[in-house]
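All chains should be built: construct the whole structure from the sequences, respecting the hints.
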Amino acid sequence: MKRQQFLAAAALFATATLGFSGAASAQEVVKIPCVCELSGAGAVSGTNYRDGARMAVDEINAAGGILGRKIVMTDMDTQTDPQTSRALVQKAIDSGAYAIMGTVYSGSTIVNMMVAQRAGIVQMTGSEAPNITERGNPYIFRTSSGAQKGVPALTAYFKDQLKVKKIAVEWVNNDFGKGGHDVFRKEMKRVGIDVVADVPSEQGQADFSADVSKIKNSGAQAVFVYLNEEEDARFLKEAKKQGLKVPLVGEVTLTGQKVIDLAGGAAEGAFAHVGLATSAPIPSIEKFVAKFKKRYGRDTDHNGIKGYIGIYAIKYATEMIGKFDSKALAKKLHGLTLDASKYPGMLLTTSWDQHGELSRESFMTEVKNGKQVVIGTVPAN
Amino acid sequence: MKRRLTPILLVVGLALLIVAPLGQTDYIKYILSSWLIFAIAAMGLNLTLGYAGQISLAQASFIGIGAYTTALLTLAGVPWIPSMLAAMAVSFLVGLALGFPALRVQGHFLAFVTLAFNTLFYLVARNEDWLTGGPYGLSGMPRPDFWLFDTNQNLPFYYFTLAVFVVAAALMWGIVRSPWGRAFKGLRENPIRAESLGVDTRRITLLAFAIGSAYGGLAGALISPLVQFINPDSFALVQSIRILLMVVVGGAGFFFGPLFGAAMVILLPEFLRFTEGYYLMIYASAVIVLMVFCPSGLIGAGQALRERFRPGHRVRGDMKQGSQL
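From first to last, the protein sequence lines are chains L and B. Residue 312 in our numbering sits at position 312 of the first sequence, and the numbers go up by one each step. Residue 631 in our numbering sits at position 250 of the second sequence, and the numbers go up by one each step.
Hints are not guaranteed to be accurate.
[Unchecked claim] Selected chain L positions facing chain B (Cβ under 8 Å, derived; list incomplete):
1. Asp75
2. Arg86
3. Lys91
4. Asp94
5. Gly107
6. Met114
7. Gln117
8. Asn131
9. Asn174
10. Asp175
11. Gly219
12. Met346
[Unchecked claim] What the simulated footprint calls covered on chain B by chain L, stretch by stretch (three residues with Cβ under 8 Å from a Cβ of chain L suffice, anywhere in the stretch; the number is not a length):
13. 409 to 423
14. 555 to 568
[Stated by the list, open to error] What follows is a set of in silico ranges between Cβ atoms, one per label pair, in the way DEER data are often shown:
15. B:Arg583 to L:Lys166: 46 to 52 Å
16. B:Thr406 to L:Ala328: 55 to 61 Å
17. B:Thr406 to L:Val29: 33 to 39 Å
Keep in mind the hints are simulated off the structure, nothing from the lab. No residue lacks a Cβ here, since even glycine has one placed at the ideal position from N, Cα and C.
Dropping the structure here:
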């Protein structure tokens with residue numbers, strides 16, 4: 001009997017010390033899991049986001065980590081499925097995450113951000129749907145402006161530069177597309193431009209011939225294209241085939257490198273307003289793009305930059321508060337402005353408002369000779 | 382021998398389900414709940430497909446109907462139990478209506494009819510903003526609260542799901558052993574002969590669809606409070622195909638097939654995550670290998686293995702479990 005008690009006590013002691021040493025080694029690192037789209041429809045965006053973030057993590061770790069602790073970033077693939085992403089954010093929190101990177105697709109973020117909110121963990125999302133920052137979630141932060149900021153930046157372009165009276169809109173009917181579409185309709189109404197064709201399309205739609213001919217017949221003087229990358233490319237190809245001559249103007253995705261690669265010559269002359277342009281003639285971004293290409297052997301799109309600055313934003317804000325406290329981190333980030341000259345990892349001067357919405361200067365871009373070229377900058381709003 | 386073994390296995394299985402989430406992280410509890418819910422949906426499809434032989438690619442739309450019904454009612458303040466009953470009733474009626482084309486078309490054609498129905502449901506859910514919230518979906522559904530038993534935490538929610546699952550499974554056990562169950566199998570094996578023996582094949586076909594769909598509705602009634610967010614994408618065609626995969630991988634026409642099938646489809650990829658970038662490839666290869674070498678699914682594989690060592694007598698088609706599709 002005594003012997004048994006002794007054994008039990010020894011076993012207890014052993015587990016307790018083991019548990020303790022486990023906790024001690026966990027103290028030396030900081031966990032920032034990346035929950036993103038590595039397979040499924042969002043794989044292009046999610047993989048770039050992850051790779052950008054990984055680059056930032058390695059740089060920071062090589063320079064001594066955050067407050068002396070190394071960052072550990074594990075990948076969690078959501079398969080671009082909202083329900084899986086919700087489970088994975090839970091998994092990330094269970095594993096002791098200090099902050100979470102991702103997700104990129106808005107349909108996933110809107111689901112999984114509730115879990116991070118409940119646990120009080122800061123989440124750096126790559127999503128751009130307006131409703132994400134409208135839910136009063138104090139733990140969600142964008143790494144690029146939402147559509148409610150991006151689309152109005154185009155209004156002046158349509159009205160003053162292109163001077164159009166009639167316009168068409170081609171959009172993808174999911175929460176990302178609908179968010180942009182609704183803002184666009186409101187903006188056009190405000191400045192009195194007539195929307196003569198309003199064409200919704202499916203995520204993953206392969207055939208845009210009916211869409212393009214509808215736009216062509218509507219007499220629109222310009223087209224606002226609000227689709228995901230692969231659909232953008234298919235739309236551009238079809239527009240070229242049918243000889244649609246009016247300016248094609250997009251927000252964020254239309255002049256992305258992936259779209260240019262997929263669309264071949266058909267992307268030539270397309271315009272887009274982008275929050276982050278990999279082609280921006282700004283030394284910090286040029287340096288980033290070159291580093292990315294050297295490391296991964298391919299060009300990135302704006303999602304790579306988003307992931308990169310997401311990690312750096314966590315690092316800088318954490319160093320300001322001087323401890324690893326996700327709630328204090330969220331408080332610090334609200335209303336924070338990080339000046340790129342002082343905080344080079346941000347690439348561009350960036351600020352967040354009280355809702356986690358982001359603001360920084362943005363760019364007008366055009367596709368020329370198979371490359372995205374910046375033709376103008378739009379000041380931060 | 383077999384008769385004595387079954388109850389023991391059942392008790393062991395149930396005990397395993399009870400202890401499974403203990404000491405696990407919230408993530409595991411969530412995945413386990415999601416497994417049981419999909420097992421309920423797959424059980425419904427197993428009745429339609431495995432027992433009655435009517436192929437359906439619309440099960441996700443019935444989960445959707447159940448989920449939206451429950452979401453709208455619980456958001457309006459109706460308690461979960463009446464909402465769940467309403468969800469099952471609506472799914473039952475819509476399933477009944479979908480059964481009518483099955484009276485006229487069979488096989489691949491029926492697959493296309495149900496596929497079209499699933500797409501139709503998806504489009505309605507996405508475009509009728511006023512009711513379904515469109516692509517933004519509905520969110521913030523409350524989790525059921527039964528006086529002392531509050532399911533806001535993941536562990537009570539798992540036990541709540543388990544309880545619903547056990548009741549649903551017991552009902553299904555009763556159904557497949559009832560005269561209806563025999564009629565379903567008769568319909569699958571040889572409809573003309575079944576009719577000649579006095580089975581009302583018209584009524585039985587409709588029932589197979591309606592009951593299977595009601596199980597889909599029940600799964601939907603559980604998904605709503607589990608995820609607390611629904612949007613049309615969660616009930617798109619690809620989800621129906623996933624549920625079909627659960628039934629086929631588990632073993633169509635076997636009572637426990639859907640439980641194992643759902644485990645294979647939902648739990649296996651999660652357990653393979655440690656292989657990082659390769660997990661979906663390994664998972665997909667495992668499914669292909671299983672389907673090539675054992676088209677009657679996991680349980681079929683187990684049975685084939687057992688018969689190899691202990692050859693038994695042949696069983697009549699309408700008496701045996703399992704079906705080759």
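Report task. Could you check the structure against the hints above and give me the numbers of any it violates, in ascending order? Result -> Hints 7, 11, 12, 14, 15, 16 and 17 are the ones this structure does not satisfy, whereas the remaining hints hold.
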